[in-house]
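Assemble chain B onto chain A, guided by the hints.
Protein chains: 2
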Amino acid sequence: MGDTEASVSAKFPQWCSPVHRRAPENEQMLEILGRRKSAKFECFITPGYMLVKSRETETTSTPPVTTKADFRPWVDQDLQDNTEATAREDEDGDWVDSNEKEDIPHVPYSPPRYPKETMLERSKDFYTLMNQRRSVRFISPEPVPREVIDDVIRTAGTAPSGAHTEPWTFVVVSDAETKHQIRLIVEEEEEVNYRQRMGDKWVHDLAKLRTNWVKEYLDVAPYLVLIFKQTYGILPNGKKKTHYYNEISVSISCGILLAALQNVGLVTVTSTPLNCGPQLRLLLKRPANEKLLMLLPVGYPASDATVPDLKRKPLNEIIVHI
Amino acid sequence: MGDTEASVSAKFPQWCSPVHRRAPENEQMLEILGRRKSAKFECFITPGYMLVKSRETETTSTPPVTTKADFRPWVDQDLQDNTEATAREDEDGDWVDSNEKEDIPHVPYSPPRYPKETMLERSKDFYTLMNQRRSVRFISPEPVPREVIDDVIRTAGTAPSGAHTEPWTFVVVSDAETKHQIRLIVEEEEEVNYRQRMGDKWVHDLAKLRTNWVKEYLDVAPYLVLIFKQTYGILPNGKKKTHYYNEISVSISCGILLAALQNVGLVTVTSTPLNCGPQLRLLLKRPANEKLLMLLPVGYPASDATVPDLKRKPLNEIIVHI
Chain A
114 MGDTEASVSA KFPQWCSPVH RRAPENEQML EILGRRKSAK FECFITPGYM LVKSRETETT
174 STPPVTTKAD FRPWVDQDLQ DNTEATARED EDGDWVDSNE KEDIPHVPYS PPRYPKETML
234 ERSKDFYTLM NQRRSVRFIS PEPVPREVID DVIRTAGTAP SGAHTEPWTF VVVSDAETKH
294 QIRLIVEEEE EVNYRQRMGD KWVHDLAKLR TNWVKEYLDV APYLVLIFKQ TYGILPNGKK
354 KTHYYNEISV SISCGILLAA LQNVGLVTVT STPLNCGPQL RLLLKRPANE KLLMLLPVGY
414 PASDATVPDL KRKPLNEIIV HI
Chain B
114 MGDTEASVSA KFPQWCSPVH RRAPENEQML EILGRRKSAK FECFITPGYM LVKSRETETT
174 STPPVTTKAD FRPWVDQDLQ DNTEATARED EDGDWVDSNE KEDIPHVPYS PPRYPKETML
234 ERSKDFYTLM NQRRSVRFIS PEPVPREVID DVIRTAGTAP SGAHTEPWTF VVVSDAETKH
294 QIRLIVEEEE EVNYRQRMGD KWVHDLAKLR TNWVKEYLDV APYLVLIFKQ TYGILPNGKK
354 KTHYYNEISV SISCGILLAA LQNVGLVTVT STPLNCGPQL RLLLKRPANE KLLMLLPVGY
414 PASDATVPDL KRKPLNEIIV HI
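Heads up: the sequence lines are chains A and B, in that order. Heads up, the final residue of the first sequence is numbered 435 in our numbering, and it's a clean run with no missing numbers. Heads up, the final residue of the second sequence is numbered 435 in our numbering, and it's a clean run with no missing numbers.
Same shape as in the complex, but just chain A (with noise of 0.2 Å):
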């Protein structure tokens, strides 16, 4: 393949324009897009949905007591949802940033271009900036504007996502009370896991310890966002609408939220309590088709805070050119 067909406009030519963009040209077209849209419809159109309200599904807005011969076995049936198994086989490739089937139509787009070398300047700044982002589990008590928080989540909320689903709930915590049983729930799930595998004697040993399942930055950061994936929606029939690639598509917003706060000078530690998220799901009362993903302290770094003195990969190892 030579230049000349790489060089080739990257725009459907006309004679395949997608049926949103330009009216059909002949009476064969008419009839070709007749089919098309109805085969749509009955294929996958998904004609608006309702999410689950969180008041009218939940009986209780306190965690239930569990015991510990319980306790896994009803998380791990929680968590399965099993969408992003699904999408694999049902749902490849582009993800559209709009519902094609609602023949939205389509407008120009011109974003701002950039000289060559404002592009070097701007990416080199860019990759400085992020480069000095670290994980900081020490993070000071002091307030941040909750309006540059706000900005934080309008930001992550700029996300592409599967079907333009947006299937993201940012819950931010700053009541003291809150924060605190979210500690309370979290610590319990560590030591259990901490117990399962060092064995009981061993942890007995390290009580006074309690260094690795300790997390007082829970209490202390001002916020807590706790990052919810919607794993699916309700149709106006009652049926589930499965929310294809909502894990892959909240983590990328998560992504994007990581460099809106290190943009502004905040710190967090990237967790994933994955175990607790049933509890914690019903503490924050978040309705069933929210599974919760991660848990990001949020804050200003502690003064003495410190970070271990790690490496990350050079680009060879990390890129490959062909």
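Treat the hints as calculated values from the structure; they're not laboratory data. Mixed in with the good hints there might be a few duds.
Put simply, identical chains are the same to the list, so a pair is met inside one copy or across any two.
Said to hold, decoys possible - List of simulated lysine-lysine pairs, BS3-like, C-alpha gap at most 30 Å: (1) 229 <-> 426; (2) 353 <-> 237; (3) 353 <-> 398; (4) 426 <-> 352; (5) 398 <-> 352; (6) 424 <-> 354; (7) 398 <-> 424; (8) 352 <-> 424; (9) 398 <-> 354; (10) 352 <-> 237; (11) 353 <-> 229; (12) 229 <-> 354.
Using the frame of chain A, we list chain B on its own:
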């Protein structure tokens, strides 16, 4: 719980400081630490690993010939790695930014701190920048400086990852023939998808249009970035070392990559051609521990690029303050 408790320093008090931060202070401490280390060694110390080298494990550099009958089973089997599911049972909790079993020393961390007004300005500017991002399918064939692409990948590599495994490989394809091979593989898979959904008669009617599975941008975009997740490493004893949370880690990295692209005025469209993963992995000679997660065509937007006129959810639909 009152303000006093909430304002306690987030640092561990000295009596429960992590072992890698301070020397033990008495004999009892030494004994405890000795036991702790040996227990950790038995349970989950992981003394380095090497990745599977592609040319040692692949016996062919071209995709195997598959009939339609055996195509999908082979694909689905190859995709199963179960690392995400396993992680939920075994590896709850914070992501360590370092392999703490190796006692990496801590260093002070003092990132820049901005005055409140500067924070607000920076948070709004970054939101404005990111809110202009759109998934764009109409990409210009104009060349893009390779140094900018390298900086973007370098930036993506600053993402956090479970146990600091940095489980990502970014394959950047600019070779025209390789891009075309990728296009053929992706379009064939897309056609299979549509035929399965629509039925052969329907697809025959639409054959002239080819609207749904033609992806000219795979030839036209100056770069195709194929992002692979490394699902496991290989220990010196030949056993596999699972990379927990590799898909979430790589997706977070992708979010930072999208921010870096937007920052320099380049566009892409997020796609997840997972069923093509095995064929593309062989084409690009990636080792068996790597699975394709995303394919991003990257370039300037075409001068006449359009995007669907969609809206994003307002802040109050994605945030909950508690």
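Hints, one by one, checked against the model:
In this assembly of identical chains, residue 229 and residue 426 lie within 30 Å of each other by CA distance solely inside one copy; the values are 27 Å within and 34 Å between copies. In this assembly of identical chains, residue 353 and residue 237 lie within 30 Å of each other by CA distance neither inside one copy nor across copies; the values are 45 Å within and 36 Å between. With identical chains, the CA atoms of residue 353 and residue 398 are at most 30 Å apart within one copy only, with a shortest distance of 20 Å there and 40 Å across copies. In this homomeric assembly, residue 426 and residue 352 come within 30 Å of each other (Cα to Cα) only across copies, at 23 Å, whereas the closest approach inside a single copy is 46 Å.
Only within a single protomer do residue 398 and residue 352 lie at most 30 Å apart by alpha-carbon distance; the minimum there is 22 Å, versus 43 Å between protomers. Taking the closest pair of Cα atoms, residue 424 and residue 354 come within 30 Å of each other only across two copies (20 Å); inside a single copy the shortest separation is 43 Å, beyond that limit. In this assembly of identical chains, residue 398 and residue 424 lie within 30 Å of each other by CA distance solely across copies; the values are 27 Å between and 40 Å within a copy. In this assembly of identical chains, the alpha carbons of residue 352 and residue 424 lie at most 30 Å apart only when taken from different copies (25 Å versus 49 Å within one copy).
Proximity of residue 398 to residue 354 under the C-alpha cut-off of 30 Å is restricted to the intra-copy arrangement: shortest distance 21 Å within a copy versus 37 Å between copies. Taking the shortest Cα distances, residue 352 and residue 237 never come within 30 Å of each other, neither inside one copy (49 Å) nor across copies (39 Å). Proximity of residue 353 to residue 229 under the C-alpha cut-off of 30 Å is found in neither arrangement, the shortest distances being 48 Å within a copy and 44 Å between copies. Taking the shortest alpha-carbon separations for residue 229 and residue 354, neither the intra-copy value of 45 Å nor the inter-copy value of 43 Å comes in at or below 30 Å.
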